[in-house]
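Now for the letters of each chain:
Protein chains: 2
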Amino acid sequence: MATLTTFAAAKMRFKDLQIEMAHGAGGKASRRLVEGLIAPILLESPDALGDAAHVAFGDTRLAITADCFVVRPLRFPGGSIGELAVNGTVNDLAVSGARAEALVTTFVLEAGLRREVLEAELRAMSAAASRAGVRIVGGDTKVVEHGDADGMYISTTGIGRLLADVVIDVRSVKPGDQVLLSGPVGDHGITILLARGDLDLEADLRSDTRSVLPLVEGLVAAAGRGVRWMRDPTRGGVATTLNELARDGGCGVVINEDDVPVHDGVRGACELLGLDPLHIANEGQLVAVVAPECAAEALRAVRAVPGGEHACVIGEVRAQPRGTVLAMTRYGASRVLDMLVGDPLPRIC
Amino acid sequence: MATLTTFAAAKMRFKDLQIEMAHGAGGKASRRLVEGLIAPILLESPDALGDAAHVAFGDTRLAITADCFVVRPLRFPGGSIGELAVNGTVNDLAVSGARAEALVTTFVLEAGLRREVLEAELRAMSAAASRAGVRIVGGDTKVVEHGDADGMYISTTGIGRLLADVVIDVRSVKPGDQVLLSGPVGDHGITILLARGDLDLEADLRSDTRSVLPLVEGLVAAAGRGVRWMRDPTRGGVATTLNELARDGGCGVVINEDDVPVHDGVRGACELLGLDPLHIANEGQLVAVVAPECAAEALRAVRAVPGGEHACVIGEVRAQPRGTVLAMTRYGASRVLDMLVGDPLPRIC
Chain E
1 MATLTTFAAA KMRFKDLQIE MAHGAGGKAS RRLVEGLIAP ILLESPDALG
51 DAAHVAFGDT RLAITADCFV VRPLRFPGGS IGELAVNGTV NDLAVSGARA
101 EALVTTFVLE AGLRREVLEA ELRAMSAAAS RAGVRIVGGD TKVVEHGDAD
151 GMYISTTGIG RLLADVVIDV RSVKPGDQVL LSGPVGDHGI TILLARGDLD
201 LEADLRSDTR SVLPLVEGLV AAAGRGVRWM RDPTRGGVAT TLNELARDGG
251 CGVVINEDDV PVHDGVRGAC ELLGLDPLHI ANEGQLVAVV APECAAEALR
301 AVRAVPGGEH ACVIGEVRAQ PRGTVLAMTR YGASRVLDML VGDPLPRIC
Chain V
1 MATLTTFAAA KMRFKDLQIE MAHGAGGKAS RRLVEGLIAP ILLESPDALG
51 DAAHVAFGDT RLAITADCFV VRPLRFPGGS IGELAVNGTV NDLAVSGARA
101 EALVTTFVLE AGLRREVLEA ELRAMSAAAS RAGVRIVGGD TKVVEHGDAD
151 GMYISTTGIG RLLADVVIDV RSVKPGDQVL LSGPVGDHGI TILLARGDLD
201 LEADLRSDTR SVLPLVEGLV AAAGRGVRWM RDPTRGGVAT TLNELARDGG
251 CGVVINEDDV PVHDGVRGAC ELLGLDPLHI ANEGQLVAVV APECAAEALR
301 AVRAVPGGEH ACVIGEVRAQ PRGTVLAMTR YGASRVLDML VGDPLPRIC
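Chains as they are written, first to last, in my numbering: chain E, 1 to 349; chain V, 1 to 349.
Since the hints were made in silico from the structure, they are not lab data.
Among these hints, one or two may not hold up.
Chain copies aren't distinguished; within one or between two, either way the pair holds.
[As the list claims (entries may be wrong)] Dumping the calculated EDC-like pairs for lysine to aspartate or glutamate here, alpha-carbon to alpha-carbon at most 16 Å:
hint, residue 1, residue 2
1, K15, E119
2, K15, D169
3, K28, D338
4, K174, E271
5, K15, E116
6, K15, D198
7, K174, E44
8, K174, E293
9, K15, E35
10, K174, E202
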C-alpha cells in the first residue's frame with residue numbers, strides 16, 4: 001500500500017540507551033532514531049522515509065503525512081505554533097508532489113493555558129489553512145497537568161492528492177542535475193532562537209513560515225518531469241537535506257557556498273554563536289533537483305512566484321564523491337558539509 | 001468536503017478563562033471546549049463533531065479521524081499507550097462505519113526516555129495494527145526537555161474506507177430503537193486508576209483495549225441499515241455517550257441500570273470512590289442503536305463475535321424526555337443520568 005519516496009542507501013543503527021534532545025533535531029541522531037528503531041518496527045515498508053507516504057484507496061492515490069510541533073515560544077516574529085502546524089504539513093505534502101486537501105489536528109493542552117492563547121493559535125491555524133487552500137476536518141484534544149506540555153503541542157496530519165505531471169523520486173536524480181533553492185536560509189531557526197531572549201542579541205528577522213505549494217506548482221508547471229526531487233529544508237537545514245539527497249540518491253552534491261542567500265541577521269547570529277546557516281531550520285523554503293535542460297526555465301518560474309524572487313541555483317549533482325556534500329568557498333577551497341550533529345537549537349518547530 | 005456524522009442540537013459556549021483538566025475528560029467540559037471554541041474556529045462545518053469526518057477525494061469517500069494519547073502510566077494491565085493509540089483510532093473509524101486502512105503517528109518524546117520503553121511501545125503499536133488489519137505508513141517524532149511530556153505522548157490519525165450497507169447518522173434514530181452494549185463497562189478507567197498505585201486498592205482487572213471492528217462488522221452484517229448509530233464509549237463513559245445520543249438525536253434514552261454489565265472489581269472500586277461505572281472510560285466496547293425489528297438478530301450477531309459474548313440490550317430510545325437519559329433502577333425508580341462533569345480520572349487515554 002505504501003509507496004516509497006526515498007530509499008535509504010545503508011541503514012543506520014540506533015544504539016543509544018535513551019532519548020536525547022538531539023534525537024529531535026532533524027539531523028544525524030534523528031535519522032538514527034527513525035531509521036534504526038522506529039521505522040523497522042512500525043512501518044511495513046521501512047524504506048519509506050520520504051516526506052509523505054503515498055497510499056492507494058481503490059483507484060485513488062493519496063499522499064499522507066503527519067507532523068508534530070513543540071516549538072518554544074508559541075509565538076515569534078512572523079508566525080506561531082498554529083501557523084507552523086498547518087504550513088509544515090502542507091509543505092511535506094507539497095514537496096512529495098501533492099496538494100493538501102484535508103487536515104486533522106490534535107492538541108495536547110497544559111492545564112492552566114489561558115483561553116486567549118489557545119484561541120489565538122486556533123485562529124492562526126484557520127488563517128493558514130485558508131491561505132493554503134486546505135480544510136481542517138477534525139481533531140482531538142487532551143489535557144495534561146500544569147507543568148507538562150509547555151502550553152500546547154500540536155500534531156497535524158495532512159491528506160493530499162498527487163499533482164499531475166510530476167514524480168518525486170530520489171532514484172531519478174542524475175549527475176548534472178541542478179540544485180535550486182527558493183530563498184534565504186536560516187530565518188526560522190534564528191528567529192526562534194532570538195525570540196527566546198536567552199541571548200543578548202537582536203536582529204530584524206522573521207520566521208519564513210508559509211506554504212511552499214505555490215513555489216512547487218510554479219516549478220512543476222515549468223519543468224514537469226524535469227523536477228526529480230524536492231524537500232523543504234526544516235530541522236537540520238539545507239545541509240541535512242542535501243546530505244539526505246546525496247545518501248539516498250547515491251550521488252555527490254557540490255554547492256557554491258557564496259550562492260546561498262543568507263540574511264545579514266542570520267549570518268551575524270551564526271557567526272557569533274559558531275553555527276552554520278546551512279544547518280539552521282527553514283519553514284518556507286524549497287530545495288529542488290531539476291534536470292539541467294529545465295533549470296533555467298524552472299528558476300524563472302520559481303522567481304515569478306511571490307516569495308520566490310530570491311531563488312537561485314546553488315549547486316549541482318555529481319557522480320562523485322558519492323554520498324557526500326561539498327561546499328566550495330569563494331577562494332576555491334572546498335569543505336565537506338555534514339548533516340547536523342547534536343542539537344544547537346532545540347524545539348524550533 | 002466534510003460530511004457530518006453528528007449534529008448538535010444547541011451549541012454550547014466556552015466561557016472559561018483557562019484550560020482545566022476537566023476539559024480533557026470527555027464530558028461536559030470537553031464538549032464545551034470543542035463545540036464552543038475549537039470547532040467554530042477550525043472547522044468549515046463546525047457541526048461535524050462525530051467520531052470521524054467523511055471526506056470525498058474524487059469518487060472515493062474516506063473516513064478520517066485523529067486522536068491523541070497521554071495516558072499515565074504508559075503500561076497497565078491489559079495494554080499500554082501504544083496499543084491504545086492504534087485501537088482508539090481504529091475504533092473511532094469503526095463506529096463511524098469505516099474500516100481503518102492506513103495510520104500515521106506522531107510521537108512527542110521526553111528527553112531521558114529509555115530506549116526499551118520506546119521500543120516496547122513501538123512493538124505494541126505494530127502488534128495492535130497487525131491484529132486490527134491496518135498498516136502504519138508514516139509518522140513524525142519530536143523531543144522535548146526532561147520533565148515535559150511524561151515519557152511520551154502519541155497522536156495517531158486513521159484513514160479508512162466506508163463499510164458497505166451501513167449509514168451512521170444520529171438523525172436516523174427513532175423512538176423504539178434499541179440500545180445495545182457490547183460488554184462490561186468501566187474496565188479501562190478503573191484499571192488505569194489502580195495501576196497508578198495512589199489508592200490502596202487492588203482488583204483483578206485489565207483494560208478492555210481492543211479493536212471493536214469485528215463487533216461492528218458482525219453487527220452490520222446482521223442488521224445492515226437497521227444500525228442507526230454507534231459510538232465507542234471512551235472518556236466520559238456510557239453515560240456521556242448516551243447523553244450525546246439524546247442531545248444530538250433530539251430524543252430521550254431510557255436504560256435499565258441492572259442490565260448494564262459491570263465487573264465486580266469495577267463496581268467495588270466505584271462504590272468506594274463514589275464514582276458511577278457508567279461514567280468510567282472503556283476502550284473496547286461499543287454502544288449501538290438498532291432498529292427494533294433488527295435488535296434480536298443484531299444481539300445474536302454481536303454475541304457470536306469473540307469478545308462480544310456479554311453483549312446485551314440495555315435500553316431504548318423514546319420520544320421523551322427529549323435530550324435526557326434516564327436510568328431505571330431495580331426498584332422501579334428512575335434517575336437522570338448526566339454527562340460526566342469534572343474529571344475524576346485524569347489522563348486515562
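Hint check results:
1. K15 x E119: Between copies, since 12 Å is at most 16 Å while 42 Å is not.
2. K15 x D169: neither (29 Å within a copy, 50 Å between copies)
3. K28 x D338: within (9 Å within a copy, 52 Å between copies)
4. K174 x E271: neither (34 Å within a copy, 71 Å between copies)
5. K15 x E116: Between copies only: 11 Å across chains, 43 Å inside a chain, cut-off 16 Å.
6. K15 x D198: neither (33 Å within a copy, 35 Å between copies)
7. K174 x E44: Neither. Shortest intra-copy (29 Å) and inter-copy (44 Å) distances fail the 16 Å Cα cut-off.
8. K174 x E293: Within one copy, since 12 Å is at most 16 Å while 66 Å is not.
9. K15 x E35: So K15 and E35 pass the 16 Å test inside one copy only (12 Å; across, 45 Å).
10. K174 x E202: neither (42 Å within a copy, 65 Å between copies)
Consistency note: the structure conflicts with the earlier hints numbered 2, 4, 6, 7 and 10.
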